[in-house]
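Asker: Construct the complete structure from the given sequences, taking the supplied hints into account.
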Amino acid sequence: MDLFEYQGKQFFASYGMPVSPGEAVTTVDDAVAAAERLGTPVMVKAQVHTGGRGKAGGVKFAADIDAVRTHAANILGLDIRGHIVENLWIEKASDIAEEYYVSFTLDRSAKKHLGMLSAEGGVEIEAVAEENPDAIAKIWVDPVGGLTEDQCRQWVLAANLNPDVTDQTVELLLNLYEAYTAGDADLVEINPLIVTPEGRVHVLDAKVTLDGNAGFRHDLAPFDATQPRDEREAAAHAKGLQYVGLEGTVGVIANGAGLAMSTVDVVNQVGGKPANFLDIGGGANADVMAGALEVINNDPDVQSIFINIFGGITRGEEVANGIIEAMNRVDIASPIVIRLDGTNADEGRALLKPHLSDRLMMAPTMLEAAREAVALAEGAAS
Amino acid sequence: MSIFVDENTKVVYQGLTGSQGRYYGMLNRDYGTQVVAGTNPKKAGTDVEGVPIFATVADAVEATGANVSCVFIPAAGVRSAVLEAAEGGVELIVVITEGVPMHDEAYFYNKLKADYPGVRLLGPNCPGLISPGKANIGITAGHIAKEGGPVGIVSRSGTLTYQALYELKQKDIGCTTCVGIGGDPVPGTSFIDCLAAFEDDPETEAVMMIGEIGGSAEEEAAEFIAANVSKPVVAYIAGLTAPPGKKMGHAGAIVSGGKGTAQAKMDALAAAGVRIGQSPSEAGDIMAEVVAGL
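Chains as they are written, first to last, in this note's numbering: chain A, 1 to 382; chain B, 1 to 294.
Keep in mind the hints are simulated off the structure, nothing from the lab. By construction, the Cβ of each residue, glycine as well, lies at the ideal position given by its N, Cα and C atoms. Honestly, I wouldn't trust all of these hints.
Unchecked claim - Chain A is nowhere near these chain B residues, computed Cβ spacing over 12 Å in every case: (1) Pro52; (2) Glu62; (3) Glu147; (4) Ala196; (5) Pro202; (6) Gly260; (7) Ala264; (8) Asp267; (9) Ala292; (10) Leu294.
Claimed, not checked - Listed below are several chain B residues computed to face chain A (Cβ distance under 8 Å; list not exhaustive): (11) Thr56; (12) Gly99; (13) Pro243; (14) Pro280.
Answerer: Below, the structure is given as structure tokens:
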């Protein structure tokens with residue numbers, strides 16, 4: 001789960017890293033009040049779960065209170081890559097002498113943690129990697145041994161940072177690694193990590209992605225509450241379903257993540273547009289199926305529904321009964337096409353047969369079911 | 001022949017006294033798997049439908065000769081369960097549990113590599129593995145698989161694996177071993193480990209590989225196939241039309257920064273001589289052609 005910049009900074013601060021004082025606000029008046037408390041000049045920064053804030057006009061320097069008022073009014077409500085700004089971070093402005101880049105993430109190929117450090121911060125690291133890869137010092141850290149101070153010092157030296165701040169940087173990076181591991185982050189990134197004219201190393205931006213699986217070790221509720229989610233995703237999330245909202249008209253329900261992904265692919269392959277990815281998990285009982293149908297049914301864009309179930313340990317009869325019962329419970333607006341295969345598929349299909357109509361159809365293969373669902377969606381749209 | 005597990009495999013279930021562990025443990029036993037023990041420190045000395053419960057994996061190994069552990073422990077306990085199994089002396093640890101934190105996975109993967117290099121880890125978040133007719137360990141429906149060969153299967157996805165087994169059975173094609181490596185960021189066993197084992201297994205004559213978006217495991221497998229695999233390989237990759245930045249169910253299934261796309265994986269595999277199915281059934285059809293030509 002992605003944190004806002006200010007949440008990331010609070011997370012870093014809790015691991016002893018130097019960040020600027022600031023306040024999170026949601027209105028212009030609160031922005032002004034925060035700036036008065038902090039003292040100008042301040043930065044007015046849009047809090048959104050996407051990059052490119054600066055270019056979109058979402059980060060502004062405010063020399064005085066009037067400027068705070070103007071910038072806050074302009075930035076609140078701004079659309080940054082489809083994200084509407086609702087939160088601002090008002091932060092005491094810093095003078096910058098140098099800008100560095102640092103991050104830790106998992107290298108899935110090496111199965112070790114990868115640290116990247118560069119004296120060329122403040123710009124997109126992808127651009128640095130492309131144009132001047134030697135400017136990035138990389139370190140692979142064994143998750144068992146962790147990052148030692150000696151290793152860390154070698155790494156800092158390899159990055160050719162200002163030698164005057166080596167000790168401070170080493171201390172900060174050890175804390176950053178601790179935040180990454182003990183805090184169960186998938187990604188920690190500081191860009192830029194700055195050196196002030198007085199020679200202080202300081203966190204100026206924070207990008208943190210926490211591992212949602214580590215909720216048993218940490219209180220993730222405050223971060224969960226600020227995740228960007230459309231209404232459909234929120235409804236599915238509440239029912240414990242794995243749902244990703246897409247843009248199309250064919251509602252998709254499948255059991256298993258791989259099969260759900262494959263179903264989305266097949267709908268696209270036959271020229272349709274899936275409305276969603278929805279994995280109902282291994283079983284397919286009436287409760288789960290009814291919940292899934294409710295979520296799909298509440299999506300106004302859906303014109304047809306494709307239920308794709310492969311029975312493994314769950315038998316075809318159980319799946320069929322689940323679908324029939326769910327249809328009795330939910331008043332479904334769109335026609336449904338079912339593909340049922342796997343264990344006892346024939347028995348399951350036989351149970352469904354008396355219920356078939358122009359609202360509930362069955363197709364023998366994934367491909368044929370997809371074609372039918374897409375044709376229904378297009379017929380409804382025209 | 002089969003890879004990793006066969007009729008002589010003896011399995012201890014960590015979490016056999018829990019609802020999931022008991023359900024699948026008993027299904028595995030009904031299939032014919034030698035389910036010899038369970039563990040639960042609070043219930044040592046009791047049994048689950050005749051299967052004795054021990055306090056630790058080490059005790060179970062000593063008393064029963066178990067050489068494989070299957071883990072159904074909740075995510076919070078997986079890290080210590082895996083280390084306990086390695087310490088206890090099994091050769092293979094199969095972790096079915098999903099939702100294990102990435103840092104725990106990275107830790108025990110590297111801990112095993114360093115301190116227990118002879119121990120193989122499969123998963124976490126995997127369906128397990130089945131050598132049809134010999135042993136079924138995990139949550140695969142055993143009856144959808146046909147015994148014998150000549151096809152070996154390795155897959156990152158659960159349901160698509162079952163579908164592959166089922167389609168092959170419908171076409172009267174048997175499977176030597178089917179390994180679900182799971183959809184997490186740090187899988188204990190990789191495509192490459194399985195491809196190498198299938199290449200060395202005389203009874204396996206062709207390999208079906210099912211991948212999905214995210215990471216670069218399929219690309220690495222393609223390189224390995226080009227250099228080391230003489231047997232025909234057929235592949236299917238899920239997620240061709242998945243939007244970037246969205247996790248598709250599995251923690252590891254995400255296209256980020258333009259990396260890990262299905263197209264890149266298909267291109268890499270095709271360049272290595274692997275035949276690609278555009279859908280799971282097309283992959284099944286291609287495999288039927290390959291088997292007919294063996």
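Asker: For this structure, which hints from the list above don't hold up?
Answerer: Hints 6, 11 contradicted; others consistent.
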